[in-house]
Amino acid sequence: DGGITQSPKYLFRKEGQNVTLSCEQNLNHDAMYWYRQDPGQGLRLIYYSQIVNDFQKGDIAEGYSVSREKKESFPLTVTSAQKNPTAFYLCASSSSGWDGELFFGEGSRLTVL
Amino acid sequence: AQKVTQAQTEISVVEKEDVTLDCVYETRDTTYYLFWYKQPPSGELVFLIRRNSFDEQNEISGRYSWNFQKSTSSFNFTITASQVVDSAVYFCALRKGYSTLTFGKGTMLLVSP
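First to last, the protein sequences are chains E and G. The first sequence: position 83 = 1358 (my numbering), numbered continuously. The second sequence: position 56 = 87 (my numbering), numbered continuously.
Just chain E, with the same shape it has in the complex (with noise of 0.2 Å):
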């Protein structure tokens, strides 16, 4: 079936540590999001990506790295920079045009040690 595949699901670091979350799609959707979401919070975007080999930054992309190699790919790296990195992080894709929804994943939950 198509979907977006978020691993891991639970990640455990130790601070200083960067760590990469994966998200995968299979929807050959050519935009991909990574959100943020804390408790009372919503969702923060981090950082998007409309095409291969482009990405921009979100409203919260401090402290956070991603790339864009491949359509189905878009890794986030949560780096030793981000000073409050625990949270739960959600992937999402799109199809380009302008008024399709988003599609998710089941989320990466990273706590810090």
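Be careful, since some hints might not be right.
[To be verified] Lysine to any residue pairs mimicking SDA-like chemistry, simulated, CA-CA at most 20 Å apart:
(1) Lys69(G) to Gln1316(E)
(2) Lys127(G) to Asp60(G)
(3) Lys1345(E) to Gly1317(E)
(4) Lys136(G) to Thr61(G)
(5) Lys69(G) to Phe1378(E)
(6) Lys69(G) to Ser102(G)
(7) Lys1289(E) to Thr1354(E)
(8) Lys127(G) to Thr62(G)
(9) Lys34(G) to Pro71(G)
(10) Lys101(G) to Asp60(G)
(11) Lys69(G) to Gly1375(E)
(12) Lys69(G) to Phe1330(E)
(13) Lys127(G) to Ser84(G)
(14) Lys34(G) to Gly1278(E)
(15) Lys127(G) to Ser1355(E)
(16) Lys136(G) to Arg1319(E)
(17) Lys1289(E) to Arg1343(E)
(18) Lys69(G) to Arg1384(E)
(19) Lys69(G) to Lys136(G)
(20) Lys1358(E) to Glu1381(E)
(21) Lys1332(E) to Gln33(G)
(22) Lys47(G) to Leu141(G)
(23) Lys34(G) to Gly1317(E)
(24) Lys136(G) to Ala1336(E)
(25) Lys136(G) to Pro72(G)
(26) Lys1284(E) to Pro71(G)
(27) Lys136(G) to Glu1381(E)
(28) Lys136(G) to Gly1317(E)
(29) Lys127(G) to Lys1289(E)
(30) Lys1332(E) to Lys1284(E)
(31) Lys127(G) to His1304(E)
(32) Lys136(G) to Gly1333(E)
(33) Lys47(G) to Val116(G)
No lab work stands behind these hints, which were simulated from the structure alone.
Start from chain E and add chain G according to the hints.
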């Protein structure tokens, strides 16, 4: 700038009650899309509905209905005869042009038996 406000942080109802989730948005654009998503405890956001700014017709889908009023910049969501399975966090979101989705902070709905 665009903004989505979901003033209700948490709503508790008893099964079979009707419940309305409020969504108020701000945008200077005349062309935009509004969305509702459901986030069950599993974490994945599930798309419920999309409405464009030129279509103010109300929408009904089973026990779900949506009331879009441009005059008050509102896009409210009503669940009729609520069920325990409706317990989730519900997000309203706004999309303008080729930009990304702007989400509200969500409303947690708790339906008790």
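A quick look at each hint next to the structure:
no., hint, result
1, Lys69(G) to Gln1316(E), "16 Å, holds"
2, Lys127(G) to Asp60(G), "7 Å, holds"
3, Lys1345(E) to Gly1317(E), "29 Å, violated"
4, Lys136(G) to Thr61(G), "23 Å, violated"
5, Lys69(G) to Phe1378(E), "12 Å, holds"
6, Lys69(G) to Ser102(G), "25 Å, violated"
7, Lys1289(E) to Thr1354(E), "11 Å, holds"
8, Lys127(G) to Thr62(G), "7 Å, holds"
9, Lys34(G) to Pro71(G), "24 Å, violated"
10, Lys101(G) to Asp60(G), "12 Å, holds"
11, Lys69(G) to Gly1375(E), "17 Å, holds"
12, Lys69(G) to Phe1330(E), "27 Å, violated"
13, Lys127(G) to Ser84(G), "10 Å, holds"
14, Lys34(G) to Gly1278(E), "29 Å, violated"
15, Lys127(G) to Ser1355(E), "33 Å, violated"
16, Lys136(G) to Arg1319(E), "9 Å, holds"
17, Lys1289(E) to Arg1343(E), "26 Å, violated"
18, Lys69(G) to Arg1384(E), "18 Å, holds"
19, Lys69(G) to Lys136(G), "12 Å, holds"
20, Lys1358(E) to Glu1381(E), "24 Å, violated"
21, Lys1332(E) to Gln33(G), "17 Å, holds"
22, Lys47(G) to Leu141(G), "12 Å, holds"
23, Lys34(G) to Gly1317(E), "12 Å, holds"
24, Lys136(G) to Ala1336(E), "19 Å, holds"
25, Lys136(G) to Pro72(G), "16 Å, holds"
26, Lys1284(E) to Pro71(G), "16 Å, holds"
27, Lys136(G) to Glu1381(E), "19 Å, holds"
28, Lys136(G) to Gly1317(E), "4 Å, holds"
29, Lys127(G) to Lys1289(E), "39 Å, violated"
30, Lys1332(E) to Lys1284(E), "24 Å, violated"
31, Lys127(G) to His1304(E), "19 Å, holds"
32, Lys136(G) to Gly1333(E), "17 Å, holds"
33, Lys47(G) to Val116(G), "12 Å, holds"
This entry does not satisfy hints 3, 4, 6, 9, 12, 14, 15, 17, 20, 29, 30, going by the numbered hints stated previously.
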